[in-house]
Amino acid sequence: MNGPDTWRRWALSLPAVAVIMLFSILPLGVVLVYSFLTPGDFGNVKWIFSTDGWFSVLFERNIFDDTIGLSGANLSILFRSIILSVLTTLITLIFGVPTAWFIATRPPTQRNFWLFLITIPFWTNLLVRTIAVQEMIRSEGVFNRILLALGLIKEPIQMMYTDFAVLLGMTYVFLPLMVLPVYAAIEKFDFRLAEASYDLYASRLFCLRRVILPLIKPGVIAGSILVFVPSLGAYVTPRVMGGGKSMMLGNLIDLQFGQGRNWPLGAALSITLTVLVLLALIWYTRLTAGRKERDHG
Amino acid sequence: MLDIRGLSKRFGYGKGEVTALHEVSFSIAEGEFFTLLGPSGCGKTTLLRLIAGFISPSGGSLVLDGKDIAAMPPNRRPVNTVFQSYALFPHMTVGENVAFALEAQGRPRSEIDPAVDKMLSLVQLLHLKNRKSSELSGGQQQRVALARALVAKPRILLLDEPLSALDMKLRKDMQIELKRLQRETGLTFIFVTHDQEEALTMSDRIAVMSGGRVQQIATPRELYDSPANRFVAGFIGESNFLAAKAANGAVEVGQGRMALEGAADGPLTLMIRPEHVMLAGNAPDALELEATVDQLVFFGTDTHVHLGLADGAKLVARVQNALHGTRNLNEGERIRIALPAKALRIVNDEEIAA
Numbered sequence: 000m001n002g003p004d005t006w007r008r009w010a011l012s013l014p015a016v017a018v019i020m021l022f023s024i025l026p027l028g029v030v031l032v033y034s035f036l037t038p039g040d041f042g043n044v045k046w047i048f049s050t051d052g053w054f055s056v057l058f059e060r061n062i063f064d065d066t067i068g069l070s071g072a073n074l075s076i077l078f079r080s081i082i083l084s085v086l087t088t089l090i091t092l093i094f095g096v097p098t099a100w101f102i103a104t105r106p107p108t109q110r111n112f113w114l115f116l117i118t119i120p121f122w123t124n125l126l127v128r129t130i131a132v133q134e135m136i137r138s139e140g141v142f143n144r145i146l147l148a149l150g151l152i153k154e155p156i157q158m159m160y161t162d163f164a165v166l167l168g169m170t171y172v173f174l175p176l177m178v179l180p181v182y183a184a185i186e187k188f189d190f191r192l193a194e195a196s197y198d199l200y201a202s203r204l205f206c207l208r209r210v211i212l213p214l215i216k217p218g219v220i221a222g223s224i225l226v227f228v229p230s231l232g233a234y235v236t237p238r239v240m241g242g243g244k245s246m247m248l249g250n251l252i253d254l255q256f257g258q259g260r261n262w263p264l265g266a267a268l269s270i271t272l273t274v275l276v277l278l279a280l281i282w283y284t285r286l287t288a289g290r291k292e293r294d295h296g
Numbered sequence: 000m001l002d003i004r005g006l007s008k009r010f011g012y013g014k015g016e017v018t019a020l021h022e023v024s025f026s027i028a029e030g031e032f033f034t035l036l037g038p039s040g041c042g043k044t045t046l047l048r049l050i051a052g053f054i055s056p057s058g059g060s061l062v063l064d065g066k067d068i069a070a071m072p073p074n075r076r077p078v079n080t081v082f083q084s085y086a087l088f089p090h091m092t093v094g095e096n097v098a099f100a101l102e103a104q105g106r107p108r109s110e111i112d113p114a115v116d117k118m119l120s121l122v123q124l125l126h127l128k129n130r131k132s133s134e135l136s137g138g139q140q141q142r143v144a145l146a147r148a149l150v151a152k153p154r155i156l157l158l159d160e161p162l163s164a165l166d167m168k169l170r171k172d173m174q175i176e177l178k179r180l181q182r183e184t185g186l187t188f189i190f191v192t193h194d195q196e197e198a199l200t201m202s203d204r205i206a207v208m209s210g211g212r213v214q215q216i217a218t219p220r221e222l223y224d225s226p227a228n229r230f231v232a233g234f235i236g237e238s239n240f241l242a243a244k245a246a247n248g249a250v251e252v253g254q255g256r257m258a259l260e261g262a263a264d265g266p267l268t269l270m271i272r273p274e275h276v277m278l279a280g281n282a283p284d285a286l287e288l289e290a291t292v293d294q295l296v297f298f299g300t301d302t303h304v305h306l307g308l309a310d311g312a313k314l315v316a317r318v319q320n321a322l323h324g325t326r327n328l329n330e331g332e333r334i335r336i337a338l339p340a341k342a343l344r345i346v347n348d349e350e351i352a353a
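Sequence lines, in order, name chains H and P.
Under numbering that gives the first Met the number 0, the first residue of the first sequence is numbered 0, with each subsequent residue one higher.
Under numbering that gives the first Met the number 0, the first residue of the second sequence is numbered 0, with each subsequent residue one higher.
Hints were generated in silico from the structure; no laboratory data involved.
Just so we're clear, the structure is a prediction, and the values are computed from it rather than from any experiment.
Derived pair list, reagent style SDA-like, types lysine to any residue, alpha-carbon separation capped at 20 Å:
#1 H/K187 with P/H90
#2 H/K216 with P/E95
#3 P/K341 with P/A245
#4 P/K131 with H/L192
#5 P/K178 with P/P219
#6 P/K131 with H/R191
#7 P/K131 with H/C206
#8 H/K153 with H/G140
#9 P/K131 with H/D189
#10 P/K168 with P/Q123
#11 P/K131 with H/A193
#12 P/K131 with H/T287
#13 P/K131 with H/R209
#14 H/K187 with P/Q83
#15 H/K216 with P/H90
#16 P/K128 with H/R209
#17 H/K187 with P/S84
#18 H/K187 with P/M91
#19 P/K244 with P/L314
#20 H/K187 with P/P89
The following block holds chain P by itself, in its conformation from the complex:
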């Protein structure tokens, strides 16, 4: 539905020129919950503003339903935005805010009123229709911003870190609410966030961005299980990285050695998630190592075991605190650990760059 082809954006001139977005290309499908995820300055907001039309691209095209909209002003694009600051009109009531888009389009009153009421009941705010937007709580303002952006039935809804101003509890509620709204309306959502957990729980697909480039586009599960490079692995979830050497189809870490497919000879980096580190030796198809328990950190549902390897490398293992069967460990104890081949990933140290 939306094809982004070689889209780039540079700011400034001459020596002060900064490239915020390097020729990004990907497609978003109809009805998808698509997330742009990355740390601040990664270009995700620039990409969102390009799609909204607030800035024009330095190169490339933006094709929506077969039409290039790159040169179209924002008020002509069938794309609406929920802003990080909500940007509700403070001099208008909730109802007037929601009616704004339809009024700007010159729709008749007979069409506007029922549409506004319907939208407000969808976000459960009909009873606050005549309140000033400045009198609402953060969560309510958030819903008004959503209703305002949805009322004109855009082809795509853009959400610019809409939950970042809310407290933890409200954020969790709104995540579920947003997902529900997206399912009910069947709309295509493009969601920008720096919160990986938010991205994992809500998205159909995620584009992880860094340095103005897309590092990987995949479903949350694929991103977590098979990160494309060290940046993605480090940004999404928790990871352990181990320096290894490969020779003749086997990898070597310290005194441990194991056959691993697809390992090119030479130094490489292995990644394993903390929950996959096994605190026992003698596992089949695993890399066995000797480690010292440096520290135990209790987290309620699980315990983080900080481990030190003989060569000084550090590793974290996450052990679930089951009622039975939790092994008693002591700090300073020397144990054998196993890293199953299935959980080990060879990751590229370099992120995608020029």
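Here chain H stands alone, though its shape is the one from the complex:
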């Protein structure tokens, strides 16, 4: 196609292209450029090319003998971010799928009420919710006081500022993101199929494995992505629940742009995070694409 028609199409798609460029590609480009610059003395950057930022993501130079070694601190934070995100996804799966199942199997008139309960936490600021969780588990908090009063423990258990605290906080915050897509999938599930499988000699487990799980899989995968991706970049929850002891990638990035005054390293870490998320999404499309292929094969 040629002439005015082609031109018109371009013109009409221009706003969309502009929005994507302005809010998505351009900032990412800025971050990418900054990751290859030299840190300024008081933050910001000097316009001198350097790969030090990228180098520091995984390695560090010993300040005494100039030898190069792996950056233990960064690696452990990277490792912790991935492990905690995977664990958050698994735990929200374990609690989220039965919850979604429960809601989806209520009478239709009651379902909205239960969904409403699930969405209530969204009405409150994330920080306030996280502090509420903190209030539960801190040394003078609800749990410890109950356990002390019952005489089960003699001294309060230190739960705050541990990986457990971060995990608990993230599980609490991200659980609805798992419940909602899984609910949508189960709600669409035709329970006559489960009945048919029982009729055809299937045990409950066999039915779950061969009929129910394959059919609600898209919802489970969507929920897992919705939990895993923001977990990986979580900032507020690890900050409040983990403090300086149990940092995650988001906090490390914040540190480099703030006190660390190493913007290129912060930028390189940001790109690293983006790449990790991208890898997770590629894995996701592989899973669902494989499904579609079989659907139409």
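We have chain H already, so just place chain P on it with the hints.
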């Protein structure tokens, strides 16, 4: 083979309690094509689901081959179902659907594969083995559902209105196909339908149900010829009902009078099928009446003659459109009609109820 004894089912509690099935009892013989026939809400589907085991009875027992299976879960019963919606597994191929029951039973692969192929060729779908079940037409899905339910050789095959989603032409084909399958496999079929014609053409015996009760169990011929009550007569085939009075071994309708055995004195209802109404007087052993031709409706093979009696009662006669000998009638004409005693039935106005 299957004895249903005093089987009942109630749903709900307290004031909201509804009895879907009132203490039903009957037996089904080995290799029988048995049909549960009735309008929606008559309890036929409830009875089928009780036999399948999806719901448990409120009372009574269900004895299969001498064993009470009423408390047995559906996956232990040697009974399989063809569902109205087919309920094929959409994420599986045709072959996987058919293999499901054998896999669930933990049979070895070496046994499953040939059994699946054999079943698929029986329903003439072997060439579609690797298709997704969602890619099939309604009739093909129907066959897959049949093969899937038959592959594990159940003692009884339950069919829950399996043909209702098909169009007329396909339905007729599948009726013949189903009957053929039943003969070839020698299996006991319990077929649920609300379509009386379907029931008449396919069944060895039919249980006509209404209001959670069995109204009559009989062969198609017996049901048609001697319906137990007005409900059965009205539900199966077309019927004319006439209010009559009996006295001294004779019945009286309007000005007509005829001796009829077994008529107790008092008012009663007579039933006659439209094809038995004769449009001529002077027949022996018949009730003769005067009628007006209200309307003539041409149906191709036959004509329906709508008649009005002197007392306002309406009657339909069905006359075959033979090449010769079809009498010319005109609307508005007054004629004499004869209702042969052999074709007249005294029917109970009340259906069986509590």
